[in-house]
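Enquirer: Okay, here's what each chain looks like letter by letter:
2 protein chains.
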Amino acid sequence: MEEKQLLMIPGPTPVPQSVLLAGARPMINHRGPEFKAAIEECTAGLKRVFKTKHEVFILTCAGTGGLEAAVVNMLSPGDKVLSVSIGVFGDRFAAIASTYGVNVEKLAFDMGTAADPKKIEERLKADAGKEIKAVFVTHNETSTGVTNDLKAISAIVREHGALLLVDAVSSMLAMECDMDGWRLDVVVAGSQKAFMIPPGLSFVAINDRAAEAMKTAKIPRFYFDLGKARDYLATGETPWTPAVPLVLQLREALRLLEKEGLDNCLKRHARLARATRAGVKALGMKLLADEKVASNAVTAVRKPDGIDVSALRKLMREKYGVVLAGGQGSLKNEIFRIGHLGLVNEGDIVAALGLLGLGLKGLGMKVDPGAGASAALQVLGE
Amino acid sequence: MEEKQLLMIPGPTPVPQSVLLAGARPMINHRGPEFKAAIEECTAGLKRVFKTKHEVFILTCAGTGGLEAAVVNMLSPGDKVLSVSIGVFGDRFAAIASTYGVNVEKLAFDMGTAADPKKIEERLKADAGKEIKAVFVTHNETSTGVTNDLKAISAIVREHGALLLVDAVSSMLAMECDMDGWRLDVVVAGSQKAFMIPPGLSFVAINDRAAEAMKTAKIPRFYFDLGKARDYLATGETPWTPAVPLVLQLREALRLLEKEGLDNCLKRHARLARATRAGVKALGMKLLADEKVASNAVTAVRKPDGIDVSALRKLMREKYGVVLAGGQGSLKNEIFRIGHLGLVNEGDIVAALGLLGLGLKGLGMKVDPGAGASAALQVLGE
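Residue numbers (the numbering used here), protein chains in the order written: chain A, 1 to 382; chain B, 1 to 382.
These aren't lab readings, by the way, just hints derived from the structure by calculation.
One thing to keep in mind: the hints can contain errors.
Identical copies carry no separate label here, and so any pair may be met within one copy or between two of them.
[Stated by the list, open to error] No more than 25 Å apart at the CA atoms, straight line, and that leaves these computed lysine-lysine pairs for DSS-like: (1) K4 / K36; (2) K80 / K218; (3) K319 / K36; (4) K36 / K332; (5) K281 / K319; (6) K319 / K118; (7) K118 / K151; (8) K133 / K215; (9) K228 / K106; (10) K118 / K133; (11) K130 / K218; (12) K332 / K292.
All of these numbers come straight from a predicted model, not from anything done at the bench.
Please build the complete structure, drawing on both the sequences and the hints.
Expert: Written out as structure tokens, the structure is:
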């Protein structure tokens, strides 16, 4: 039944009906009063989500475009940065900077592990001449389902004095990300994750330290120029024609999120992630990540012996309508991933884990198909 | 009555109901079979629209992002280009290139006039050393409602040998743009114009000469890297998460356009533009552009003596629900613009011109309020 799918990938995520319909309203002028009201409400709402009093800009692009905006507005060719990577998206952040002539030193950790704050501290302490101008960190690494200890890392980076650029694309609203409290300088998020709206927008927040850095950053920029975004936002506009329906959808989604309560949203993600991990283990499978650093947005599961990842994903999609993600990079055929962020509730987790049990059994694994759903329910009932 | 507006700006344009709803379907995986089918159908459809057998890429960004993609994928810092400008968007194309270190020579013509192909020919003939690597041209200048003679210009540029980069953001589907027939090398279009879908996508087509140039172009690029777009399109994907609903909307809009017939779509735009110009003149106002070069997408009208452009636009919007565009750049308070592209029909033109008559009369102009609608009807009845 093609018309009903359980979309359990780490973005794009399912979209609430009222949000879908908010994007299906007749078009409006992007330089008129209705749009001005929408973008101003969205900007104020985003500040509450990011927990910041500083500037937040809405860009029409993928999350990768937001990361590019962070790089090109903060740095100059030849600047030295320390790029912490624990997976595909950490590597991407570094690749963007290298492309624009930044001198990138990578501090990589094994896929499936979190960055060790001590190693970051060691490296920054060794930088007595303060050559490292910025540090890049991925808050939640979507490719491995691992969350970095951003608060601890930020304290270390601040001690050194470098600017901290954070990829919070898949973390924002799925786990705590306290921009001002943790003193993060640049934070990038994306629409198609826990915000519950379709892909097409990225949100870039910069604090006053970042605004200062922007004044001297010399990488050329036009479409992603945050200075232009700031000038236009002052009059309730964007420099280039924005994805109008997505901004109206963002407004509706932010209203829904405020109704749920931003803290409740975080708790929901934590609870569903715990239930997912319990279910996966009860089905006899192994988690890629240590549970102490496991993500609230996405769970990476090592493929059981004798099971082919693409065969499992195909069966789950075609027979049961459950859409799972595969592995990325070197983990391509080693793991599959269950997304549980955005518009996801208890029933989705129980259904997904139950059907996953059937799928594994169907592919010949010796497993009690109900074990995953039962274990998840146990956690959900606590 | 806020719920019903006649949106007569040159983009974003009104969106058909079936297209709105195509974007309101439940989210799907952007790396799954449903999306692959959609992007492949869209790419094939775009090739028919652009009249090209070459490559077309769908980018998640505004039209300005598409122009940036054209610049950064074709050129290297220090390259010399001749940038033909007849208004704000011609200037923007030049500004993007300058930002990325391209050596831009501007060939500007007065706002409201078209580029003189002879002047372009003179300049290119003087370039005996073939220093000019590329020529930029805006097919339809949205800020002035003037269309350049792209076919003639292309023949001249091809004679010289430079690459021709065309901003067809507001022209594609509103006027003939024959990429392969006219041998255009790079053509950029945007979703929120005659395509009848919301803003958020740009389409960039490159022919084999452009593909060759891309191999040696050295401006750094990441988000807008067409090489990456090509690699992913080969498997029905995009490198970064695309605006999924907009691609589904593009598919629906392309089906509607094929049903109308692409040639009929062009004829409709030409007929409605003629009717608009007749109506404007019958209301005692002057067109900014000579009718020989007037656009089929948007009509720029000189403000009548004693009428304030912003007061007129405010009255039209608040009292009659007709949304008109103001002037841009140096023409800000000198003209207003009537968009007539995309989902626009005879009734829209008659209503807009009729209500414009009332609006002008309301602001004290001595005018027969029915004269505009009558003149438009005269043309439409021919």
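Enquirer: Take the hints in turn and mark each one as holding or not.
Expert: Checked hints:
1. K4 / K36: For K4 and K36, only the inter-copy Cα distance (18 Å) is at most 25 Å; the intra-copy one is 36 Å.
2. K80 / K218: both (14 Å within a copy, 22 Å between copies)
3. K319 / K36: Between copies, since 19 Å is at most 25 Å while 46 Å is not.
4. K36 / K332: Intra 44 Å, inter 19 Å, cutoff 25 Å: inter-copy only.
5. K281 / K319: Within. Shortest intra-copy distance 23 Å satisfies the 25 Å Cα cut-off; inter-copy 64 Å does not.
6. K319 / K118: For K319 and K118, the Cα distance exceeds 25 Å both inside one copy (47 Å) and across copies (65 Å).
7. K118 / K151: Answer is within; shortest intra-copy Cα gap is 13 Å, inter-copy 64 Å.
8. K133 / K215: For K133 and K215, only the intra-copy Cα distance (14 Å) is at most 25 Å; the inter-copy one is 33 Å.
9. K228 / K106: between (31 Å within a copy, 23 Å between copies)
10. K118 / K133: within (19 Å within a copy, 52 Å between copies)
11. K130 / K218: Answer is within: at 19 Å inside a copy they meet the 25 Å cutoff, but 31 Å across does not.
12. K332 / K292: For K332 and K292, only the intra-copy Cα distance (23 Å) is at most 25 Å; the inter-copy one is 59 Å.
In summary, the structure is inconsistent with hint 6 from the numbered list given earlier, while agreeing with all the others.
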